[in-house]
Amino acid sequence: MKWLKCYAVGFIVTAFAITGMQSYRRPGADQPIAGTIVMAAVWPIAAAIVLGGSIGEVASDGWDAEITAARLEKQNAASRQ
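Numbering follows the numbering used here, with no gaps: position 1 of the sequence shown is 1.
No wet-lab data here; the hints were simulated from the structure.
Model, not experiment: these values are computed from the prediction.
Glycine included, every Cβ here is placed at the ideal spot set by N, Cα and C.
Keep in mind that a hint or two might mislead.
Claimed, not checked - Derived Cβ-Cβ restraints for the label pairs, each shown as a range: (1) A29 - A65: 46 to 54 Å; (2) A59 - G10: 19 to 27 Å; (3) Q81 - A40: 39 to 47 Å; (4) D30 - Y7: 25 to 33 Å; (5) P32 - A78: 39 to 47 Å; (6) V50 - R26: 23 to 31 Å; (7) A70 - G28: 42 to 50 Å; (8) A65 - A40: 35 to 43 Å.
Start from the sequences and build out the full structure, keeping to the hints where you can.
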């Protein structure tokens, strides 16, 4: 991943996390307008990154169920160790 893309993804994740923490600290209170604007701008981008990454993995496997299952089994085996 190129450095600019790394910084962009990092910014999106950070903005999402900071705004979420701000909401968590103020339960029952109104969210500041800046927080609302940030969340409105960031959540679709974050969702697109997650869904795009998932779809990209499946597409790179060539939509072959056996290859995908083998990759998932390998990841599960590695996470158990």
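Go through the numbered hints given earlier and state which of them the structure violates, listing their numbers in rising order.
-> The structure breaks none of the hints.
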